Structure formats: C-alpha cells, structure tokens
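Read top to bottom, the protein sequences are chains A, B, C and D. Position one of the first sequence corresponds to residue 0 (numbering that gives the first Met the number 0), numbered consecutively onward. Position one of the second sequence corresponds to residue 0 (numbering that gives the first Met the number 0), numbered consecutively onward. Position one of the third sequence corresponds to residue 0 (numbering that gives the first Met the number 0), numbered consecutively onward. Position one of the fourth sequence corresponds to residue 0 (numbering that gives the first Met the number 0), numbered consecutively onward.
Quick caveat, the hints were computed from the structure, so don't treat them as lab data. Careful, some of the hints might be misleading.
One copy or two, it doesn't matter: identical chains are merged, so the pair holds either way.
Each computed EDC-like pair below joins lysine to aspartate or glutamate, with the alpha-carbon atoms no more than 16 Å apart [claimed, not checked]: (1) K400 / D276; (2) K280 / D404; (3) K400 / D386; (4) K408 / D289; (5) K62 / D276.
Just so you know, these numbers come straight off a predicted model, no measurement behind them.
There are 4 protein chains.
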Amino acid sequence: METIFTTDRVRPLLKKVRHFVQTELIPLEKGFSHHQLDELIPLLEQKRQQVKAAGLWGLHLPKEEGRSGPLGHGLTLCEFGQISEELAHAPFFGHYVFGCQAPDIGNSELLHQFASPDIKERYLTPLLEGDIRSCFSMTEPEFAGSNPTRMATSAVRDGNDYVINGRKWFTSSADGAAFAIVMVVTNPEADQHRRASMIVVPTDTPGFSIERNIPVFGDVGQGWFSHAEVTYTNCRVPVSNLIGEEGMGFRLAQERLGPGRIHHCMRWIGNAEKALDLLCKRAATREIDDNIMLGEKQFIQDFIAESRADIDASRLYVLNTAHMIDKVGAANVREAVSAIKFFVANSFLRVLDRAIQVHGALGITDDTVLSAMYRHERGARIWDGADEVHKQNLASSILKKYGLDVKKKARELQEFRRMMAAEQL
Amino acid sequence: METIFTTDRVRPLLKKVRHFVQTELIPLEKGFSHHQLDELIPLLEQKRQQVKAAGLWGLHLPKEEGRSGPLGHGLTLCEFGQISEELAHAPFFGHYVFGCQAPDIGNSELLHQFASPDIKERYLTPLLEGDIRSCFSMTEPEFAGSNPTRMATSAVRDGNDYVINGRKWFTSSADGAAFAIVMVVTNPEADQHRRASMIVVPTDTPGFSIERNIPVFGDVGQGWFSHAEVTYTNCRVPVSNLIGEEGMGFRLAQERLGPGRIHHCMRWIGNAEKALDLLCKRAATREIDDNIMLGEKQFIQDFIAESRADIDASRLYVLNTAHMIDKVGAANVREAVSAIKFFVANSFLRVLDRAIQVHGALGITDDTVLSAMYRHERGARIWDGADEVHKQNLASSILKKYGLDVKKKARELQEFRRMMAAEQL
Amino acid sequence: METIFTTDRVRPLLKKVRHFVQTELIPLEKGFSHHQLDELIPLLEQKRQQVKAAGLWGLHLPKEEGRSGPLGHGLTLCEFGQISEELAHAPFFGHYVFGCQAPDIGNSELLHQFASPDIKERYLTPLLEGDIRSCFSMTEPEFAGSNPTRMATSAVRDGNDYVINGRKWFTSSADGAAFAIVMVVTNPEADQHRRASMIVVPTDTPGFSIERNIPVFGDVGQGWFSHAEVTYTNCRVPVSNLIGEEGMGFRLAQERLGPGRIHHCMRWIGNAEKALDLLCKRAATREIDDNIMLGEKQFIQDFIAESRADIDASRLYVLNTAHMIDKVGAANVREAVSAIKFFVANSFLRVLDRAIQVHGALGITDDTVLSAMYRHERGARIWDGADEVHKQNLASSILKKYGLDVKKKARELQEFRRMMAAEQL
Amino acid sequence: METIFTTDRVRPLLKKVRHFVQTELIPLEKGFSHHQLDELIPLLEQKRQQVKAAGLWGLHLPKEEGRSGPLGHGLTLCEFGQISEELAHAPFFGHYVFGCQAPDIGNSELLHQFASPDIKERYLTPLLEGDIRSCFSMTEPEFAGSNPTRMATSAVRDGNDYVINGRKWFTSSADGAAFAIVMVVTNPEADQHRRASMIVVPTDTPGFSIERNIPVFGDVGQGWFSHAEVTYTNCRVPVSNLIGEEGMGFRLAQERLGPGRIHHCMRWIGNAEKALDLLCKRAATREIDDNIMLGEKQFIQDFIAESRADIDASRLYVLNTAHMIDKVGAANVREAVSAIKFFVANSFLRVLDRAIQVHGALGITDDTVLSAMYRHERGARIWDGADEVHKQNLASSILKKYGLDVKKKARELQEFRRMMAAEQL
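Take these sequences, add in the hints, and give me the full structure.
Take a look at the structure:
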C-alpha cells in the first residue's frame with residue numbers, strides 16, 4: 000500500500016527488501032518450528048551475509064555507524080517502520096536476518112544514545128555488526144509489568160562495583176546473548192520514578208543464571224526465539240557499566256519505548272498482511288462444493304473486508320505517529336504512542352484469528368505459519384503494557400485537559416491505603 | 000489533531016472556521032429541534048453573510064468560481080476534508096452556513112464538470128451563491144439502493160422534451176429546493192450500466208410532487224433537513240436539461256461518489272469528535288458519589304480510549320484516501336473509497352453510542368444533541384451503500400487479484416436465474 | 000419457543016394471548032406515532048374490555064384479587080414472564096391493553112405487599128381494575144440514577160403531614176396519572192440505606208407539578224407513553240400515605256426490582272422476537288437483483304443466526320432466574336438478577352439494530368415500528384441501573400467469594416475523600 | 000450453579016464427581032504438558048480404578064451395560080451434560096479418567112445403537128470397560144469438513160471384504176487406538192446423502208497407517224491427546240464390519256452429532272468455568288500497586304461480569320437443548336443443536352481469552368493451564384462444523400418458514416455450475 004508516508008528514499012529500499020524476503024526467507028518457513036532454530040542458524044547467517052552484501056543491513060541505523068564502513072541509511076523512524084512491515088512478512092527470520100531484531104534494536108538505540116564510549120566500543124559495535132546478541136531484563140514475576148516503578152531486583156554499590164540480586168522473567172533472547180541490560184533499584188529511598196537504573200551485565204558474569212526458557216503456548220523456544228527466567232545472585236559488575244546516570248532507569252525505559260512501540264506495531268502490521276494474504280489465497284483456491292470456492296461466501300468476504308480496513312487504518316495510525324515522533328519527539332505524542340499499542344495489537348490479532356478460521360482444521364495445525372504466529376504474538380496485548388494500562392493512561396491524559404486529574408486522585412488513594420496498611424502493622 | 004495532512008494553506012483556515020463554529024454556531028444548538036428549522040432560518044442566513052464577509056464561503060470551490068468575485072480557495076479534497084470535520088462540530092448548521100451542505104455540494108460538483116453552459120448559468124451559479132437549494136433524486140422505494148442499475152423511473156423522449164414518470168424517496172432536501180437532479184432510465188435496452196441518465200428538473204415543473212417528508216426516527220424534518228418521497232407524473236423538461244450524455248447516469252453517480260464519500264466520512268469524524276468532547280465533559284464533571292467523578296471509572300476510561308483511537312485512525316484513513324484521490328483519481332483508489340465508508344460509519348456510531356451511554360438518562364433526551372445526532376446519522380451505515388455492499392465489493396476486488404472473480408460467478412448465476420424465471424413464464 | 004419452563008397452566012394462556020395480540024393489537028400499529036396516543040385511547044379501552052371479557056386481564060395478579068370477581072390466574076413470575084414476552088409483540092399497546100403495563104405493574108406489586116388497607120382501598124383497587132394510572136418518581140436530574148442512596152428530594156414531617164420538596168425526572172407516565180409513588184429523604188441523619196421512604200402523592204395535590212414531558216429521541220410522548228420532569232413544592236400529604244415504614248425506601252426499591260427486572264427483560268425478548276420476525280420477512284421477500292432475495296446473502300444469514308441464538312439464550316437465562324426467584328426469592332439470586340439486565344438489554348439492542356440494517360433506508364423511517372422501538376428502548380442499557388453499574392455489582396459479588404471485598408475498599412476510599420473534602424472547607 | 004435442570008438424581012453425583020476432580024485430578028495438572036502423557040498414564044489408570052470402585056465409571060451409559068455388573072446410571076443426556084461440565088474442570092484428564100472421553104463416547108453410542116452383536120462383543124464391550132481405545136476417521140484434508148457429503152476415501156466390495164483406500168486427517172486419538180470407525184464412499188452413484196458408509200477397521204489391519212500426529216498449535220500430542228493423519232491403502236476388512244447398512248454413513252454421522260454436540264458444549268462450559276475461576280483467583284490476589292488488587296479495576300470487573308453472563312446463558316441454552324433432545328429427539332431441535340455450537344464455542348473462547356489477559360505474561364506461559372486450554376480448544380469454532388456453516392444452516396432453516404428456500408436455490412446454482420463445468424470439458 001503506497002501511502003503519503005512512502006518517500007522517494009524508502010521506495011526503492013522497500014522494493015529490494017520485499018524481493019529478498021519473498022525469495023530468500025519465506026521459503027525457509029516451510030515446516031519450521033521454534034525447536035529447530037539451531038539447525039537453521041547456519042543458513043540464516045548466510046542470508047545475513049547476503050543482506051550485508053546488498054547494503055541492506057541495519058536499515059534502522061544512522062548513516063555514520065559501522066566498523067567496516069557505513070552501515071545505515073539514515074532513515075527516519077517513519078521510513079524504517081515501512082521497512083519493518085516488509086520484514087514481518089517473514090515473521091520468524093525477517094528482522095534477524097536484516098539485523099534489526101528485538102531486543103537488540105532497542106538495546107542498540109539505548110546504548111547509542113546513553114552509554115559511555117567504552118561500553119559502546121565493547122558492546123554496541125559488535126551488536127551492530129551482528130557478532131553478538133543481547134537481552135533486556137526488566138519484568139519480574141512478582142510485580143505487574145504494567146507498573147515499572149515497582150521491582151525487587153537491586154544493585155548495591157560496593158567499591159567500584161554494583162552487586163546485583165534478583166529474579167527477572169521474560170528476559171527475551173537471553174539464551175545465547177552476550178550481555179543483558181538489566182533494570183535494577185539503585186536508589187530505594189528516592190522518589191518512585193528515580194529509584195531504578197539500567198546496567199550492562201555480561202552473561203558470563205558469575206551469579207547470572209538462566210533458570211529456564213519459559214514455555215509460552217507450549218513452546219520453550221531457543222536462542223533469540225525464547226523468553227528466559229533469569230536470576231542474579233551477587234552478580235558483580237563495574238560501576239562503569241551503568242547506562243546514563245543512577246536513577247535514570249525509568250526515563251531510559253520511556254526513551255526506549257517510543258521507537259520500540261513503532262517497531263512492534265509495524266511488525267504486527269506486516270504479520271497481519273501476511274495472515275490476510277494467506278487468508279485470501281485460501282479463499283480463492285479452496286473448493287467447498289463443486290465449482291464453488293470459499294471466497295464466494297460472504298462470511299469470508301466480511302473477514303477480508305474487515306481485515307483490509309483494520310490493517311490499512313492501523314498502518315496510517317502508526318506511520319503518522321512515527322512521523323510525529325520524528326518531527327516533535329515521542330514525549331509530545333504520548334497519547335498516540337499509547338493508542339496505537341492497543342489499537343494495532345487488537346486489529347492484528349483479529350486478522351490473525353480470521354485467517355485461522357478461514358483455514359479450518361488446517362489453520363490450527365503447524366502446516367501453515369498462522370498458529371505459530373498466534374503463539375508467538377498473543378502477547379501483543381500484554382507485553383509492553385497491557386491494553387488496559389494503555390487505555391487507562393490515554394483516558395487519564397485526555398481527562399486532565401477537562402480538569403479531572405484521575406492519576407492525582409488515584410495517588411491520594413494509594414497514599415491513604417499505605418497509611419492504613421502501616422497502621423495495621 | 001495535527002496530522003501530516005495539515006498543510007500551511009489549510010492551517011489558518013481551520014483556525015478561523017473552528018472559531019466561527021464555536022462562537023457563532025454551537026450556541027444556536029441549545030434546544031434546537033428539526034421541527035423548528037423555519038424559525039431559525041433568518042438567523043442562519045445572517046450567519047451566512049458573516050461567513051461570506053469573512054471570505055470563508057464555499058471553501059470546497061476552486062478559486063475561479065463566483066458571480067461577484069472569487070469564491071473558493073482552491074483547496075484539495077484532502078484539505079477541504081479537514082475543514083469539513085471542523086464544520087461538523089455544529090452538526091445541524093455548520094455545512095449549511097458555510098455553503099457546502101449535502102446534497103448541494105455534490106450537485107454543484109456534478110454540474111460544474113458535466114452540465115452545459117446554459118444549465119450552469121441558470122442553476123449552478125445561484126446554487127454556489129446560496130440563493131437556491133437543490134436535491135438529488137435517485138433511490139426508489141421498490142429497489143435496493145445498493146444496486147443503482149435497477150430502477151423504474153423513466154424518461155421518454157418526446158420531441159425536444161423528456162417525459163418523466165416514477166417514484167423516488169429519500170430525495171433529501173427536496174422540501175424548498177429549486178431543482179432536482181433526477182436519475183432516470185432513458186435507454187432501457189442498453190447494457191445495464193448504460194441505461195440511466197441524469198436530468199435537471201425544476202421543482203415547479205408540473206407533475207413534480209413531494210408526497211411527504213418521510214419521518215425518520217420519528218422526525219419528519221423540514222427544509223434542507225428532510226427526506227422527501229417524490230413522484231414524477233408526466234413531468235416534462237427540455238432535452239437540454241440532460242447532464243452529460245444519455246446513458247452516462249451510472250458513471251456520473253460514480254463520479255459524484257468519490258468526493259461525496261470523503262465529505263460524508265469527514266462529517267462523521269467531526270460529529271464523533273463532538274460526541275467524544277461531550278462525553279469527556281460529562282465524565283469530568285458528573286459526580287457519582289461524594290467527590291468521585293464519573294471519569295475516574297475505568298468503564299468510562301475504556302470508552303474514552305477506544306473512541307480516541309477509533310476517531311484518529313478513521314481520520315488518517317480518510318485523509319490518506321482523499322490525498323490519493325487528489326493524486327491519482329478516485330478510480331484508482333476504489334478499494335479505499337469502499338473501505339472508509341463502513342470503517343468510519345461504524346467507528347462514529349460506536350463513539351456516539353458510548354457518549355449517549357455515559358450521559359445516562361440525559362443521553363436519550365433532547366437536552367443534549369447526542370440523540371438528535373443518532374437519529375440524523377444512524378443511516379450512515381445504510382446510505383450510499385450499506386456496510387454489507389461495500390464489504391462485498393471490497394472483498395471481491397481483493398479476491399480478483401488472487402484469481403477468483405466473485406462478481407463474474409455471481410453474474411453467471413444471475414443470468415441462469417433469469418433464464419429459469421423466463422422458462423417458468 | 001417451547002422451553003422447560005412452559006407449564007401446562009401457561010401453555011393455553013400463551014396461545015390465547017398470542018392470538019389476541021396478532022389479531023387485535025398488531026393491526027393498530029400501522030402508522031402509529033407516540034404523538035397520537037390520545038386518538039387511539041378509546042380504541043384501546045375497548046380492547047381492554049375484550050381482554051377482561053376473555054378472562055385475560057391482569058395475568059400477573061394472584062388469584063384472589065379483583066373488585067368484581069377473581070382477576071388473576073396465580074401465575075408464577077416465571078409463567079407470567081412468558082405472557083409478558085407475548086404481549087411485547089405489540090410493543091406499544093400489549094401490556095397496557097392487558098392491564099400489566101409499567102410502572103403500574105410495579106406500583107401495584109408494591110402497594111399489594113406494603114401499603115395500609117386504606118391506601119390499598121383508595122389506590123390499589125382502581126389501579127388493578129385499570130380505572131386509574133400511576134407513576135413512580137425516583138430519579139433526580141442532579142444525581143446519578145445508579146446510586147439510589149443519593150437524592151435531594153425531602154419530606155419533612157409537619158404534624159400529621161409530610162411536606163415534600165424536590166425535583167424528579169423520568170417519572171414515567173406521570174402525564175394523566177392519578178397518583179405518584181415518590182421516593183424522598185425522610186431521615187437525612189440515618190445510615191445511607193435507611194434515609195429514604197416512599198410516599199403516595201395524589202397528582203392533584205397542590206405543589207405537584209409536571210414541568211414537561213421530556214423529549215426522548217425527539218419524542219415528547221403523551222399519556223402513559225411519556226417521561227415527565229416533576230417538581231414537588233411544599234407538597235403536603237397525610238403521614239398515612241407512607242408505604243411501609245420510614246427509612247424503608249431503599250429496601251422497597253430493591254423489592255420492586257426483582258420482579259421488575261423480569262418484566263423488563265421479557266418485554267425486551269418479546270420486542271427482539273418481533274424485530275427478528277420483521278427482519279426475516281424482509282429477508283425472504285426483498286429482491287435485490289433479478290430473482291435474488293436478500294435472505295440468500297450470508298451477511299443477512301449471519302444476522303439471523305446470531306439473533307436467534309442471542310434471543311433464545313436470553314430467554315432461558317431470564318426464565319431460569321424467574322424460576323429461582325419463585326423458588327428461593329430474589330435476594331438469593333441477586334447475581335443473576337444483575338446479569339440478565341445487561342446481558343438481555345444488549346442482546347435485544349443488537350437484534351434490533353440488525354433488523355434496522357436489513358431494512359435499509361426503510362429501517363430508519365417510521366414506516367416500520369423498528370425505529371420507534373429503538374427510540375423507546377435505547378434506554379434499556381441505562382434505566383434501572385446502567386450496564387456498567389450492574390457489571391460492577393456482579394463482579395464485586397463474585398470477587399467477595401474470592402476474598403476481595405471491592406465495595407469495602409471503595410467505601411474506605413469514599414470515607415477518605417469525604418474527610419479530605421471536609422478539611423478543605 | 001443450580002438450575003432447573005439439576006434433578007435429585009444427578010445432584011449427589013455432581014457432588015461426588017466435583018470432589019473427585021478437585022482432590023484427585025486437578026493436582027495432576029501442575030506442569031503437565033501433552034508431550035508427557037505416557038509418563039502420566041499409569042497414574043491415570045490408577046485413578047480410573049478409583050472411579051470404578053466409587054461407582055462413577057461411564058456415567059453416560061444406560062443402566063444395563065457392563066461386563067462385570069451394572070455400569071451406568073441411566074442418566075438423561077441433560078443430566079450427563081451436567082456431569083460432563085464438572086469433569087471439564089480437569090480439562091486434560093477428567094473425561095478420560097471417568098471413561099467418557101471423546102471420541103470413544105461417541106463411538107460407543109454409535110456401536111450401541113447400530114452395530115451387529117458380534118461387533119459389539121468384540122469392540123464395544125472392551126471399549127466401555129476402558130480396556131481399549133478407538134478413533135473416528137472422517138475428515139479428509141482435501142475436502143471441506145463442513146460438507147460431509149464430499150470425500151474421496153472409498154471402500155470397494157471384493158468378495159466378503161471391503162477394500163479401503165484413502166487419506167484422512169484429524170482422526171483424533173488414533174495413536175494407540177485399537178480400532179477406527181471410518182467413513183467411506185461405498186455407493187458413489189447414489190444420491191449425495193446415501194453414498195457413504197461407516198466401517199470398523201482394526202488399527203492392526205495391513206494398510207492402515209498413521210502417517211503422523213499432526214502438530215496443533217505447536218503440539219503433536221500423544222496417545223488419546225493427538226490428532227492423526229491416517230492413510231488407508233488397500234485396507235481389507237470383512238463386510239460384517241459395516242455399521243448399520245450401506246449408504247447409512249451420513250445418517251449415522253448425524254445421529255452421532257446430537258449428543259456429541261451436547262458433550263462438546265458442556266465440556267467447553269466446564270472449561271470456561273475453570274478459566275473464570277483462575278481469572279477471579281488472580282484478580283483477588285494479584286497486587287498491582289501497594290494494597291491495590293487487580294480485581295479492584297473495572298476493566299477486570301467487566302471481564303468477570305461478561306464471563307459470568309456468557310457462561311450461565313450458555314449452560315442454560317445447552318441444557319434446555321439436551322432436555323429437548325431427551326424429550327422429542329435431536330431431529331426435532333436441529334436449530335438449537337446448530338445454534339448452541341457457535342454460541343457456546345464463542346462464549347467459551349471469549350472467557351478463556353479474558354482469563355489469559357488478566358494473567359498478563361503469566362497467562363501466555365505454560366505455568367497455568369490456560370494457554371494449553373487455548374491450544375487444545377481453539378478448534379472449537381472449527382471442528383464439527385465451523386461457526387459459519389452452523390449459522391448458514393440455522394438461518395436457512397429459519398428462512399424456509401418464511402417461504403425462502405435458500406438451500407434449494409443454492410442447489411440450483413450448484414447444478415448450473417456443474418453443467419457449465421461439464422460443458423467446458
């Protein structure tokens with residue numbers, strides 16, 4: 000879909016990426032299961048080389064990066080979003096092969112902006128080259144992920160080191176990563192939003208332990224396709240591994256969020272396009288009675304029309320938000336950044352569900368990629384803030400302009416409850 | 000909401016229009032009912048003069064138009080769409096006072112492009128000035144409006160005249176109009192899409208009769224706020240009243256549709272914004288228990304967040320479609336033109352329903368404009384092609400690219416049924 | 000639909016009622032508008048005499064009632080619910096002609112149980128006979144109807160009289176009523192649930208004034224088809240007009256609610272059946288192309304199937320709830336009494352909306368009863384507790400069994416806010 | 000939930016079953032994955048013995064069955080449905096441990112009614128005792144399961160044998176089964192509904208081959224928890240293995256369907272109750288901020304209330320349908336049998352999705368049973384007729400009463416297309 004956001008710069012790149020994805024990556028999908036990632040890795044590394052050779056590696060990067068010459072194309076977030084959609088037509092390999100897979104893309108953006116030259120040298124450079132992988136360690140099982148100001152993992156300063164203790168889960172891609180960026184409480188007495196910090200922890204640090212890859216919808220995954228439960232036990236790293244300053248953790252998490260939101264949403268849109276494409280192929284070729292094709296049925300036409308509109312509206316919503324981030328910064332379009340999260344995640348999951356339904360029994364098997372897409376992405380409505388949290392935030396922000404400060408009233412209540420709880424002790 | 004579509008040319012106009020609507024028009028809404036339009040007309044005419052004086056009349060017009068000097072601003076469809084949204088904050092008067100109300104706006108676009116100089120002189124010029132009103136007479140009670148190739152009203156040529164006979168309904172604004180553009184069968188033997196023509200019929204022509212203003216949701220309306228049932232009985236007009244050529248009726252209807260769709264959709268978006276504004280005001284000020292406001296409730300927050308996303312996604316979808324029409328013509332973005340119709344109509348009606356619900360008993364009364372908006376716009380999912388028709392068309396167009404020609408198969412069936420029916424006679 | 004709830008006693012009654020409704024009442028619907036109720040009243044009174052003659056008057060009444068002989072049939076609530084559904088096939092006249100229209104039915108149940116013999120003699124007896132009408136005056140414009148413990152209308156004792164002052168609205172059917180049952184604060188210092196009382200106020204009492212019939216969706220209505228805004232200005236009635244005891248108002252409101260809920264829900268189910276019937280008739284007879292009927296389209300089939308399931312599930316849910324009320328009392332099935340309210344109101348409004356959509360432009364006109372049904376019943380999701388209130392109550396009741404007392408926590412918050420507000424003074 | 004359907008006979012059984020499920024089965028769920036069924040089997044066999052000892056084995060059976068004494072309780076379908084719901088609180092083991100798991104329950108009902116004494120002796124008796132398992136082989140990958148009159152697998156008579164060739168899939172529980180009941184075309188020239196037959200095929204018959212257990216949502220399963228793709232290659236069985244008569248296949252499939260539908264629906268209702276129970280536990284115990292529990296949030300309350308109503312309405316709908324089957328036979332309540340399928344499957348999947356959402360990241364892991372329930376039951380809207388097929392059938396049946404025979408018109412079209420296709424050859 001050509002939109003107003005399709006610039007002359009990005010148009011030829013989109014075409015090349017689309018071609019590569021169609022011819023080199025989609026054929027690899029057949030029969031792929033997450034358990035077999037190891038077997039596929041050599042082939043994917045080879046594809047990465049092709050991508051680099053074609054000058055398509057790291058399309059999210061600014062122009063000047065790169066050890067052995069210029070890497071990026073200096074695309075805007077809005078332009079890269081369109082690339083990201085194309086990559087998502089190969090949901091399991093696309094971003095990896097082009098060197099812009101989560102969580103590495105977010106981590107590299109973070110390090111690029113806030114890490115010391117030394118940290119950049121040791122971690123960012125090989126990360127950008129695809130020589131190593133990384134993970135991001137924030138959510139804890141005992142605390143609602145929706146409230147990133149609450150966590151138990153702590154880093155206590157001891158000489159020139161931080162000593163880290165705690166338990167994290169959904170530390171995605173920890174399996175095989177070279178380092179983690181971990182969110183920890185460093186300043187427990189500070190104001191709620193100034194307590195946490197982010198620290199780089201190499202995964203070979205003693206005390207860093209992957210307890211398990213968490214089975215998600217029956218799948219423990221492997222390598223970058225996995226979500227680990229990780230413990231930090233007296234895990235000691237130099238103070239210089241801190242990103243930015245102490246207490247900046249929450250702010251860094253917010254910074255990571257704006258572009259991250261666009262990446263997520265555009266991936267879902269690409270996934271949704273793929274699902275709709277499979278739906279239409281099925282509808283056009285499945286005979287349900289002599290000479291009567293599935294696609295002649297209005298039930299199916301309804302699915303197609305609703306999906307087309309869901310996806311196209313979603314794309315424009317996300318790209319306009321990316322465009323505004325490019326123009327005025329994420330902090331100034333926070334409402335849209337919240338809104339696209341739940342709007343697009345729900346649109347996508349509806350499209351995917353329709354595609355499964357149209358495939359009938361085939362749709363729930365692993366003979367198509369649809370069921371794996373579902374297992375892999377049902378979390379879209381949960382990760383990175385559940386729908387309900389984003390809706391509450393969005394509505395609160397809107398109501399504030401009408402003179403009702405919902406959050407302030409909620410804080411008073413919370414204060415009151417803390418008081419009550421304290422009295423009961 | 001500032002979007003990528005907000006050009007420097009339209010930005011100051013939007014500001015002026017918004018101000019006028021807020022200060023001059025919205026105050027007129029209080030206690031307005033459709034039955035009292037007559038009483039209000041003198042006041043509205045006065046507002047029209049103010050609009051003209053401010054150079055804001057006929058913002059949809061190209062620059063060169065106008066009897067007494069330049070009228071228009073040469074806005075693109077996409078730019079005017081944004082104006083239209085602003086006008087819709089005064090749902091009952093906005094477009095009228097600014098001289099761009101339906102069906103006159105569509106009729107003037109049609110006459111401008113296809114009418115003879117004489118017709119333009121006699122009908123278009125006073126129409127653009129707001130000296131007269133017009134109506135558009137297409138739908139017939141006995142035929143599904145979704146299929147504009149089927150109709151019974153005919154024009155038979157007799158010398159230099161057409162003699163028109165038939166019954167139309169939902170001829171909106173016929174009450175008080177100076178002329179109708181009527182769609183009639185002139186060439187019954189031609190191919191299905193070449194049978195009809197459009198003819199200008201002055202409403203004082205003998206045989207033109209308004210049978211009634213049709214009560215819609217309990218409201219018969221008045222003047223341009225009404226939908227008439229009209230009969231044509233041996234209604235005789237000169238052949239020169241034909242618009243374009245014989246057999247062009249269906250094509251003209253299609254031409255009228257592209258921009259018309261944008262006008263409808265942007266009006267709904269403006270209406271939806273107004274409904275959401277009322278919703279938020281209520282949520283922020285209605286106390287439901289001591290010091291507890293309605294807006295603190297998550298049920299209401301859900302309504303607000305969903306509405307915000309529904310509206311913003313809809314706006315971008317419509318404006319991008321308008322932008323593409325401006326750029327490549329409506330014929331090349333037919334899928335989007337279908338999709339926005341049902342997508343936006345449904346988004347709007349959901350927002351409106353939530354606003355009614357949040358107002359409680361007040362919401363169903365006429366003490367706010369919400370219930371009148373509902374009565375006036377429930378038809379959004381019906382007029383101009385029901386949701387179901389647009390979805391079927393959109394899906395058929397998509398499936399054709401996958402090799403399944405749904406419409407061709409349906410035509411075969413239809414042919415077969417006609418054959419069967421003929422045999423039974 | 001014959002269900003397990005269709006007893007041998009009710010089956011023949013259902014058949015008679017259905018026949019009467021079909022042959023005597025539905026023909027009156029044609030062209031009826033709420034404004035013309037007056038013209039229709041003589042005819043309806045005549046139908047009432049026929050109903051009485053057929054022994055079908057007041058089917059909700061216990062057997063022993065009636066001035067001039069036995070009136071009722073001693074039906075259970077569950078059995079009467081099925082009658083009520085049949086009556087609702089004539090949405091505007093059914094219950095009235097059979098003497099069981101709201102709010103009289105609820106008022107008579109209340110007086111029957113709680114009023115003094117004298118009040119019964121003066122008000123209940125003629126009410127049961129249909130000689131007079133009554134109204135119920137509870138909701139106030141300034142207070143959320145969802146919270147019946149908050150109201151400003153007061154009754155102050157002065158000798159043997161109460162002196163009543165305040166403003167009520169949605170006092171349905173006040174226009175033409177002989178008396179109101181009004182809910183007033185008599186004991187402002189008592190516990191929240193013991194402040195209010197219910198008092199009978201004859202409408203000819205000085206100080207009782209109908210300010211207006213409130214326009215609802217454009218319709219001010221008339222007679223028992225209207226919702227009044229009423230003021231009470233030093234309105235003086237004898238203390239003996241109190242129903243039950245002082246402070247019982249809230250409890251009486253609750254008592255009124257259980258059976259009232261069943262009445263509402265079964266009326267909606269009957270209305271929904273009527274809407275579905277009209278939908279199916281249209282689908283089976285509307286030709287949309289040569290020899291192709293609307294009902295051949297799966298979009299329409301989807302509407303029909305969803306509606307059939309929505310209605311049938313709703314009916315069983317309500318009748319089982321009525322059966323449980325008959326067996327163990329409303330207080331013991333409070334969750335179901337909450338749940339059916341929002342479940343059935345939403346099912347019904349969905350069915351009705353589908354019926355409107357299938358009728359196309361005709362559906363929004365007053366040429367069918369559908370649009371009037373909508374205007375008359377959109378309030379279903381609002382009256383008698385909005386959806387959101389019932390959902391909150393239901394969930395709170397469920398969560399209490401899991402050890403979380405949501406309401407207690409909310410009360411603490413409220414207490415805290417009152418405290419805070421007091422401090423600010 | 001005690002309903003009108005809870006008879007005195009079934010009430011004590013429900014209590015016993017509930018107790019057994021809670022104390023003996025639910026503890027086994029912890030950490031269970033489908034891959035490990037083998038390890039669990041010995042334990043489950045032991046539980047089966049306990050069930051038999053408690054006289055609770057085969058509660059679906061008529062009283063007289065059983066090799067070593069009376070097995071069943073002679074429950075009605077409606078009564079057993081309530082048992083089935085209780086068993087479904089242990090979604091993976093309940094029905095198996097109590098000897099009434101699909102597809103064995105359906106197969107035994109079929110054999111009981113239609114098989115020869117010899118077949119009964121050899122297959123039904125050990126099946127009822129739980130000594131062997133069976134499978135049902137009907138769906139083929141190349142044909143839409145929604146249309147059971149179309150299939151390619153054939154049985155050709157050769158002397159006293161049938162020689163069977165073809166490919167089936169979703170032959171559930173074939174892995175480890177002793178025999179299959181296979182649906183084959185025996186009479187290709189007969190009328191569409193008289194072509195197929197059902198034949199018993201022991202799985203050790205040469206030519207019977209399980210090609211694979213089909214991975215469903217990433218899970219290949221094992222044993223009775225699996226769905227096989229099966230080929231029949233010159234598979235030879237004696238003619239006496241025919242169930243009923245030649246050409247009865249379609250009718251037998253229909254017979255199997257009525258009770259099967261109730262079994263499915265009640266299992267989903269039990270599953271839904273389990274999901275809602277987990278949802279409520281989570282809501283009541285998950286702290287999202289200091290002293291603020293998840294269940295205090297209205298978003299969650301909305302989920303709970305909607306789920307409660309969805310489940311309770313579904314249960315009554317299914318039990319009333321079962322009651323009517325008991326009373327007048329499935330053939331006379333075909334509309335309800337269609338309607339409950341899509342109504343309940345959708346209600347259930349909505350409840351399940353809400354439960355996953357409320358659990359946040361935990362909800363998509365295998366640390367609760369929710370994600371496994373989803374993977375195992377997403378097919379609910381597909382198996383046994385997709386939603387769309389049931390809706391079409393239901394609507395067609397309704398429209399027939401209004402004089403529109405949709406199916407007849409569709410048959411004409413089909414005939415026409417066959418004709419057209421033949422001409423093209």
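Now the hints, each set against the structure:
1. K400 / D276: Answer is between; shortest inter-copy Cα gap is 11 Å, intra-copy 42 Å.
2. K280 / D404: For K280 and D404, only the inter-copy Cα distance (13 Å) is at most 16 Å; the intra-copy one is 50 Å.
3. K400 / D386: neither (22 Å within a copy, 27 Å between copies)
4. K408 / D289: between (65 Å within a copy, 13 Å between copies)
5. K62 / D276: Close neither inside one copy (34 Å) nor across copies (44 Å); limit 16 Å.
When held up to the earlier numbered hints, the structure conflicts with 3 and 5 and fits the remainder.
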